[in-house]
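Asks: Sequence order for the protein chains is Y and C.
Take 1399 as the starting number for the first sequence in this note's numbering and just add one per residue.
Take 1399 as the starting number for the second sequence in this note's numbering and just add one per residue.
Quick caveat, the hints were computed from the structure, so don't treat them as lab data.
Among these hints, one or two may not hold up.
Since the list can't tell identical chains apart, any single copy or any two copies may satisfy a pair.
Below, computed lysine-lysine pairings styled on PhoX-like, alpha-carbon distance capped at 20 Å [unchecked claim]: (1) Lys1701 with Lys1941; (2) Lys1506 with Lys1419; (3) Lys1954 with Lys1701; (4) Lys1748 with Lys1855; (5) Lys1804 with Lys1580; (6) Lys1954 with Lys1419; (7) Lys1941 with Lys1602; (8) Lys1778 with Lys1804; (9) Lys1453 with Lys1954; (10) Lys1954 with Lys1418; (11) Lys1580 with Lys1778.
There are 2 protein chains.
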Amino acid sequence: MKIALAQINPTVGDFVGNTKKILEYAARGGDAGAELVVFPELAVCGYPPADFLEKAVFVARAEEALGEIAAWTGKAGRPAILCGSVMASASNVGKQVRNVAVLLTGGKISFVQQKMLLPFYDVFDEQRYFEAATQQKLTYVGGQPLAITICEDAWNDKGFWPRQMYPVDPVEGLMTQWEAKKSELDGQPRIVLNISASPYWQGKPRVREEMLAAIASRHRAVVAMVNQVGGNDSLVFDGSSVVIGPDGKTVLRAAAFAEDLVVFDTETSQGAETSSRTDEVAELWDALVLGTRDYVRKCGFSKVLVGLSGGIDSALVAAIAVEAVGAENVVGVGMPTEYSSLGSIEDARKLARNLGVRFELLPIHDVFAQFQHVLQPLFKGTSFGLAEENLQPRIRGTLLMALSNKFGALVLTTGNKSEMSTGYCTLYGDMVGALAVIGDVMKTRVYGLSRYVNRVKEVIPWATIEKPPSAELRPGQKDTDSLPPYEVLDPILEAYVERYRSAEQIAEEQGVDVGLVRSVLQLVERSEYKRQQAAPVLKVTRKSFGMGRRFPIAVKVQV
Amino acid sequence: MKIALAQINPTVGDFVGNTKKILEYAARGGDAGAELVVFPELAVCGYPPADFLEKAVFVARAEEALGEIAAWTGKAGRPAILCGSVMASASNVGKQVRNVAVLLTGGKISFVQQKMLLPFYDVFDEQRYFEAATQQKLTYVGGQPLAITICEDAWNDKGFWPRQMYPVDPVEGLMTQWEAKKSELDGQPRIVLNISASPYWQGKPRVREEMLAAIASRHRAVVAMVNQVGGNDSLVFDGSSVVIGPDGKTVLRAAAFAEDLVVFDTETSQGAETSSRTDEVAELWDALVLGTRDYVRKCGFSKVLVGLSGGIDSALVAAIAVEAVGAENVVGVGMPTEYSSLGSIEDARKLARNLGVRFELLPIHDVFAQFQHVLQPLFKGTSFGLAEENLQPRIRGTLLMALSNKFGALVLTTGNKSEMSTGYCTLYGDMVGALAVIGDVMKTRVYGLSRYVNRVKEVIPWATIEKPPSAELRPGQKDTDSLPPYEVLDPILEAYVERYRSAEQIAEEQGVDVGLVRSVLQLVERSEYKRQQAAPVLKVTRKSFGMGRRFPIAVKVQV
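Could you build the full structure based on these sequences and the hints that come with them?
Replies: Spelled out as structure tokens, the structure:
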């Protein structure tokens, strides 16, 4: 039997658009000879719908859309559809909604498998919404038995993970059922289908595939996983759907970071060594581009604004923006003060020229002076300090928002993860914007990405990449006046922010002074209030700022 | 036996301070003749610790602190302590932490009851962190059997709730055990202890007490509940600990919104009709004051800044601030433009005088003009609109933050829930601040609270209360230019934002045109991006903006 995996990019809540897309891909799958076309988890409503799941009308609309999709399968010659969606719970105790994989054949719902393992860590809140399945069973399409699982259901393999998060393994459970029916299923290939909405972090496509390969090998089964693709707020879904043979080798891979439709034959799914994948920097770049493009598009915008300081962060964000929405939709704005070096303005202008984007220069000296004049009665006798420094990014933020309000363009925030971690950024200043494009990218990785951008020719001026980083908020300022060099800082931050290591562990692990480590960790703890008012951050690591990392502000914590 | 309920206000992560407080209250309980002193859920580490629970060092410190508290009970004549804390999980599958009630007697841990029901709705994420108990049992202090439960464990009574959230009822389970041991326990009063960290919303203390009364009556038991008190970020814990007799009548109540220690005798716990409680407006006021005071204090600040527009929202916030941190710690700042009426400035000045707070006037005409001048090359040919309107609150926000940076005072945000719901507020403008004091209070309730403030004498100028609301961002502007009157708007918002009703249901329920309803709901949906960058909102309703209400931004939703 031929099965198609339809790796689509739905929009949360867009039942009309998502249904249309599902039927288009189903038709394409049918044209390619597939008897079954498989769609990702919650494809009908988009993932993650979050608290929309608590609205009865949302669930009702999903059920209506599912009815429409079912009806489509009623016409002779059309393939069956296996599709993720939500359904009202059948129980009157507990959560009122089910996360389901629904098999649609002959115009109606012929089988429903409810999700058994509901993730509730990092960005996942599924126990908040869904009633977990307490049972599962094999189903059949055209006489071929299928073991159907939903995303997390496949993430508890005891052979792969050192610690299990759940007491049951749904894949193992289904394979045990298969074993019990062995005689009647004789000769049939074992097929595990997994419909996913598995968001990206750097390296995850490889981990996911290795895990699925371990499952395929252990159960001597074909494992076919279809993943959602596309950006939804902070989350970027990478697609990277795969089919793995019973030998644990990959049979085929769908595109990464793009919609795709791939077809495999259950009879001939033998693995072959496949070509090596994109490297990790390219993967990260693709994730940031797709996340930016989809956020802008799904918010109903087409144009973006980027404040260009002449520094590397804003340069990288501008390059990402151009790739995401096109040079004609990007405007760079330079907003120098007296502390901006001439070189910085020139670098910004050169970047804009290299990228082919419009560049506007709005000098802020006079507004800055006027602010200081207004504040003078209260500030007199004090010396130039943080208050005066922060006025400058806040003026810039205000100008960008004025342009945004006037011309209907989204502002992209340019801060990196090292800054967001340490609070080396100004709330309502450079933190202004709709999306923090590189808010999950440490400064040292910003350099790597910038060199990637320049791999063919200079796009980001080399001067921007090579000069010492500075916020240019006072004469001669350098980042290293306040922070350790990024080569020292970033590994400390990564250990604390992403891996929750203690000061002692970090000092030991990295051979740095524990006093230095503590001073960095204190910066992290003291700046939580800023992060809670930050723009959504595109998640590209295992632990990014935002919904997946929940810390209180009014605390007394020993670091 | 005498039991003391110690209703304390811990700080998240402050193991030294919390331990000290617990031992002080334990000693006071002992002095009052109690054999057992009972503390709230997670009293050792404070509630909610959120993702700190995922740090091994945090759990280890809690265990150390618990050891110190246990040691204290070793000295002859000291009472036993029942205390909420966290402990590492005993299992190697699933979550790594337990939420526990620990009985400390004779210098050591003599009993541990793990929490069975882990809430995971609204602001609660407990399944994210904790392994649920699978069993429970009675324990004994001085020969008296005790049924120990933790917060949510008591919130699933089938006699009280129309729909059960969990398949088991831990109180019923423990009472069944009691029944089984009836002969040996003969003559002993049934005692259910509940240690809680149950956050406030308007009317909740009454609901909580009625629920506990239903449990007491059904099981013919004394029910004693000790609740945490104090503000922790968005959440305000009201205390309101109670003891209810087996007849369902309240025996005693601890203070609301303040620390307290109350002692009851298990032998004589008969209920008496108790005096009526504070009215709901007073309760709301107390919640906002405590939430503000604790946020400022626990963030390590003492002073606050409030932008005073002459309008009712900022006036109310200033009044709350004065009650919370003292008039000497509040500075009001007026920042008029040419669109501010003279009356507004006078009203702001009068308010400051009535409250006894310092008032500073920083006119922003010139900064506003300078911004328009800088933007002129790009804005020429466009007419005065949203971009120009929003410049004004953004200049004000920038000035307040400059004062905050210079003088180390927290800015309090003054927007109300009607504004936050509809997006009738400026991101990085009037939304600037550390805490959105009245962000969960609809405009119509702002009036009620303002009249409450003025119940003895005029504090908020009556002119402020009586004039039509206006943002004063363009000549002659009124809120009703853009929004329906608040008497119509607020019930629509309440139904949609707090109760998740559909447009049709709201139109039906409130007898208003469905087109009008839809236009309001669209404002709510379109302004989600603003709310996700808002300051923490003090939660005072069942559904407030913030962690308890999780909606995506980049969506396509039909209202």
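Asks: If a hint holds in the structure, say so; if it does not, say that too.
Replies: Hints versus structure:
When the C-alpha separation of Lys1701 and Lys1941 is checked against a cutoff of 20 Å, the pair qualifies neither within a copy, at 29 Å, nor between copies, at 34 Å. In this homomeric assembly, Lys1506 and Lys1419 come within 20 Å of each other (Cα to Cα) only inside a single copy, at 19 Å, whereas the closest approach across copies is 63 Å. Only between protomers do Lys1954 and Lys1701 lie at most 20 Å apart by alpha-carbon distance; the minimum there is 18 Å, versus 43 Å within a single protomer. Within a single copy, Lys1748 and Lys1855 get their C-alpha atoms as close as 13 Å, which meets the 20 Å cut-off; across copies the closest is 65 Å, which misses it.
Taking the closest pair of Cα atoms, Lys1804 and Lys1580 never come within 20 Å of each other, the shortest separation being 68 Å inside a single copy and 76 Å across copies. Only between protomers do Lys1954 and Lys1419 lie at most 20 Å apart by alpha-carbon distance; the minimum there is 15 Å, versus 50 Å within a single protomer. Taking the shortest Cα distances, Lys1941 and Lys1602 sit within 20 Å of each other inside one copy (12 Å), while across copies they are farther apart (35 Å). In this assembly of identical chains, Lys1778 and Lys1804 lie within 20 Å of each other by CA distance solely across copies; the values are 11 Å between and 36 Å within a copy.
Proximity of Lys1453 and Lys1954 under a CA criterion of 20 Å is satisfied inter-copy only: 15 Å between copies versus 37 Å inside one chain copy. With identical chains, the CA atoms of Lys1954 and Lys1418 are at most 20 Å apart between copies only, with a shortest distance of 14 Å across copies and 52 Å within one. In this assembly of identical chains, Lys1580 and Lys1778 lie within 20 Å of each other by CA distance neither inside one copy nor across copies; the values are 86 Å within and 78 Å between.
Hint compliance for this structure: hints 1, 5 and 11 are broken, all remaining hints hold.
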